[in-house]
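Colleague: Next come the chains, spelled out residue by residue.
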Amino acid sequence: MSRDGEGPRRVLVTSPRMRATRRPRHPVTREIDEQTGLGEAYMRSLVRAQLRLGLGVCAALGVVVGGLPLLFVLAPELRGLDVGGLPLPWVLLAGLVYPGFVVCGRWYVRHAERNERDFADLVDRDT
Amino acid sequence: MSTAYGLAAVSLVVAATVLVGTFGLRISRTTSDFYVASRTVSPLRNASAIGGEYLSAASFLGVAGLILAYGADMLWLPVGWTGGYLVLLVLISAPLRRSGAYTLPDFAEARLESMAVRRVTSVLVVLIGWLYLMPQLQSAGLVLRTAAGTPFWVGAVLVAVVVTINVLSGGMRSITMVQAFQYWLKLTALAVPVLFLLIAWRQDGSPGLGQDTPPAFAERTTVSVGADVEVRVDRPVPVVVHGRMDGAQHAGPVTLAAGEHRIARDTEITFPAGATVPHVSALPVRTDSEWAQPLAGREYPLYATYSLIMATFLGTMGLPHVLVRFYTNPDGRAARRTTVLVLTLLGAFYLLPALYGALGRIYTPELLMTGRTDAVVLTLPDRLVGGTLGDLLSALLTAGAVAAFLSTSSGLTVSVAGVIGQDILHGGVRSFRAATLLALFVPLGLALAARALAVADVVGLAFALAASTFCPLLVLGIWWRRLTVAGALAGLVVGGGLAGTAVVCTILGGPPGGLAGALLAQPAAWTVPAAFAVMIGVSLLTPRSTPAGVARTMVRLHTPETLQVNRGTWRPKQV
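Protein chains in written order, with this note's numbering: chain Y, 1 to 127; chain U, 128 to 702.
Everything labelled a hint here was simulated from the structure, so no lab data went into it.
Keep in mind the model is a prediction, meaning the values are calculated, not measured.
If a hint is listed, it holds; no wrong ones were tucked in.
Computed footprint of chain Y on chain U; a stretch qualifies when at least three of its residues, placed anywhere within it, have a C-beta under 8 Å from a C-beta of chain Y:
(1) 217-226
(2) 410-423
(3) 468-480
(4) 678-686
If you want the footprint, here are the derived chain Y segments under chain U, 3+ residues with CB under 8 Å:
(5) 36-46
(6) 63-70
(7) 102-115
Cβ coordinates follow ideal geometry from the N, Cα and C atoms, glycine included.
One chain only, chain Y, in its complex shape (with noise of 0.2 Å):
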């Protein structure tokens, strides 16, 4: 992952206007290499947004799928109710329950990477 030496130089591309507004002195990328207390906070915010994407996901996860066997108890006449000629934790648990992770497994991705597009504007837009 070496990223020294070859390639090409990226080369700053902006409209007159942007010429003028301010420009802090460092590009954030350097505070974070420096490990200064600046590039820290960014690099945790960074981590703490992925966290609570991936934390949600896992919690949607529990009240949903977790919560199932809790209803199935508390409510007895679920485990047996006819869904079109199948029994509803069959319907739920042998068809619906895969679709429904592969949703939310495309929805993560998409956030998770827009949480990258940001940070990466955020730190970079200045190299």
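With chain Y's structure known, arrange chain U on it following the hints.
Modeller: Coordinates of chain U only, in the frame set by chain Y:
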């Protein structure tokens, strides 16, 4: 099922596996190739490979068997085995790839900068790998006995030998190709027969499972017992017995009294139509409507269900052969996308075992008496379709089952051998070869010596062990800066110790009854929280042993690769 078809199916899969493996051989040159296929594998192929590696004999045969025996509660197994990838996706996939580590011990070393943690992790990888390999080899014995009538040890030894050849000849590159091929083979092998089975079921008038009676023989049925069993009869039934029963030789009509009976192997018993199927004493007798409902007719069902959910959802990320696959992605973003594809592929596959389990309850209830419910997938085509078509479908299923052992065993062997070769032997390609033999022949010995356990049960214990050790290490290591060396060590030792004790008790003695039995057979619900608590608690008590480079490691784990930042100089040990 005809032996010729079965043997042909087994030979074909073995030959195809070796061929595809050798085809990949010419690219595999350096040690890095052996371990991670040079990180040039496309997401779909990588995802197929993960699926192929992950869908073991437990998924292909075991789940349907457990659903046949225990009913709706067992639907949680495939749900957890898939959902585990969702947890893995959101908590560890991208950071783990970005860590640049090849194996779990590499990750432990990179994050905690401690050789002690590395060594403990290596031992755990080997133990989990062996625990997972053992039931694979056992079920290989079972399948070959069902398909071709060979003695039990033949299948286990055959799989061990083919995997050895394959791993030694090509390393991971060939394994990646083999695994990707195996996923599609397994999906086809399970999906095509189920279509024919469902057509036959409809033509049979679509019998259901709503009755309030235990399964009964629909017609006069002769049951042949393959191994010594103890069965429970609930009311007297006139039968015809050929062979040994209750210590006496029989060759004619007998009335089976209510109560326990011991039936010797190779005994044939003919039951009249409508007789209730006697159950092996280890299996609960449940009416069909109880069977179709969750949480009915088992001791501590709620605890068992939650513990199973915990073990599978959190254990997936700790399986050594799953993690090594993530290093073959080019970057963290690709690792995430691969994981979503894996969710799709696994979801498609796991729609099928429940159908086999339910059809088995209707058409092959005698498996409840012989105790070999793991054979339901292989038995159904012959029973329901019959004729040459039935034989062909059985052969296809046998091929899929063989693919299942080969792929999972290969993947496990590669990762266990990688760890043994790197951390216990000297490293290098020669060590990897010696380690391959060690990785495979220890569980082979165990499989031949240990008493027969349900495949999915042993696999479940491997998940519980992984969830109690590697899940806290990975999750806290990736997201919590204050994890310390002492905390990680204490958590691994406590989690591994508790779950390991439960595993040994369950495998050696069979779990005791009552609450203790439930706690030991499904340990995850108490061992995982214990491991997390110890790891966090000890870390908070020893703030001085926080690794020096943790800030740099966090940059490495979490920043996207497109950013040019200093990620530190740690590289996995080249072997």
